[in-house]
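Engineer: Work the whole structure out from these sequences, hints included.
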Amino acid sequence: MKNAEISPAQLRANQRNAQKSTGPKTEAGKANARFNARRHGLTGQFYCMSAQDQDAYQTFETNLLKDLKPVGHYENQIAISIIQDHWRLNRSRATEFNLYGRGHDQRADSVVAPNENTHAASTMAETCRDDNRIFANIALYETRIHRMIVKNEKRLEELQSSRKAIEKAALQEAEILIRFADSTGETLNNVGLLVANDNEDVLVNGFVFSIAQIRTKIARDQHLANAKACADYGWNRNHPAIKRYIKERKAA
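Numbering-wise (this note's numbering), the sequence shown opens with residue 1 and increments by one.
Hints listed in this document are in silico derivations from the structure and should not be mistaken for laboratory results. For clarity, every value in this text was computed on a predicted model and none was experimentally measured. You may find that some hints are simply not true.
Each computed EDC-like pair below joins lysine to aspartate or glutamate, with the alpha-carbon atoms no more than 16 Å apart [stated by the list, open to error]: (1) 217 to 232; (2) 69 to 167; (3) 66 to 153; (4) 154 to 75; (5) 151 to 75; (6) 154 to 85; (7) 69 to 157; (8) 69 to 153; (9) 154 to 67; (10) 151 to 85; (11) 164 to 75; (12) 217 to 182; (13) 66 to 201; (14) 217 to 173.
Structural biologist: Next up, the structure:
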């Protein structure tokens with residue numbers, strides 16, 4: 001394939017066509033294309049986005065926040081950084097596609113090829129050759145973004161693992177205190193859980209737990225332990241341990 005010389009007539013035609021694409025002319029079109037500054041709900045910062053990009057980003061952010069599950073302001077900050085870097089990565093890739101698309105349009109009349117597929121491949125190659133520095137910068141930009149994503153994902157994982165470990169210990173403490181109160185007949189207030197009744201929440205080491213949910217967990221754990229014991233005995237209803245469990249359940 002080779003570049004064909006552009007005739008003066010073709011050059012003038014290309015220039016006329018280029019002048020036709022100068023953006024929206026009507027007020028409605030200009031309004032649709034206008035960028036709007038909007039405040040981000042979590043970061044408090046202003047971002048300049050079109051209405052369509054704003055809607056797309058909000059959906060993108062909402063879905064990823066559900067997956068990342070941040071808790072607290074600091075985890076949210078890191079999660080937002082991860083999400084925005086993924087958005088930048090997608091935008092960079094879209095820019096690359098758009099550059100190739102624009103290059104195809106610009107070189108459509110100058111590239112000679114035997115068929116449509118070969119013509120598209122040729123214009124892509126021409127675009128990459130002529131704009132290689134731009135594409136190299138895009139690749140470098142994406143590499144840096146990816147490094148930041150990996151770094152922030154690691155930091156978020158560390159924070160969440162630490163928080164979950166502390167929360168698990170606090171939950172176990174609350175569960176033990178409730179079990180102790182139930183076994184001794186003490187009130188929850190007397191064992192260090194300052195609550196009025198079982199319908200309230202309890203604060204343990206900075207974490208809030210539902211007493212009703214803790215009691216549900218205690219009951220489930222007991223049922224699970226009994227079920228595992230029955231499995232160990234081969235689900236034999238005539239085994240003394242299983243017969244005793246069945247009797248206790250009926251009595252309850």
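Engineer: Sort out whether residue 153 lies within 16 Å of residue 69, counting only the CA atoms.
Structural biologist: Given pair residue 69, residue 153 holds - Cα atoms ~12 Å apart, limit 16 Å.
Engineer: Could you grab the alpha-carbon distance between residue 217 and residue 232 and see if it respects the 16 Å cut-off?
Structural biologist: 22 Å, violated
Engineer: Please work out if residue 217 and residue 182 have their alpha carbons no farther apart than 16 Å.
Structural biologist: 14 Å, holds
Engineer: Compare the distance between the alpha carbons of residue 151 and residue 85 with 16 Å, and conclude whether the hinted pair is satisfied.
Structural biologist: 11 Å, holds
Engineer: Tell me if the straight-line CA distance from residue 164 to residue 75 falls inside 16 Å.
Structural biologist: 13 Å, holds
Engineer: With a cut-off of 16 Å on the C-alpha distance, tell me whether residue 154 and residue 75 pass.
Structural biologist: Within the cut-off at roughly 12 Å; holds.
Engineer: Against the 16 Å threshold, does the CA-CA distance of residue 151 and residue 75 hold or violate the hint?
Structural biologist: Holds - the C-alpha atoms of residue 75 and residue 151 are around 14 Å apart, at most 16 Å.
Engineer: Checking one constraint from the list: CA of residue 154 to CA of residue 67, max 16 Å. Satisfied?
Structural biologist: Distance ~15 Å between residue 154 and residue 67 Cα, so the pair holds.
Engineer: Keeping to a limit of 16 Å between CA atoms, is the pair of residue 217 and residue 173 held or broken?
Structural biologist: At roughly 13 Å apart (the allowed maximum being 16 Å), residue 173 and residue 217 satisfy the hint.
Engineer: Please work out if residue 154 and residue 85 have their alpha carbons no farther apart than 16 Å.
Structural biologist: 14 Å, holds
Engineer: Is it true that the CA of residue 69 sits at most 16 Å from the CA of residue 167?
Structural biologist: Holds, at about 15 Å.
Engineer: Residue 69 and residue 157 were given as a pair; does the straight-line alpha-carbon distance stay at or below 16 Å?
Structural biologist: Holds, at about 11 Å.
Figure legend: structure checked against the earlier numbered hints; hints not met, in rising order: 1 and 13.
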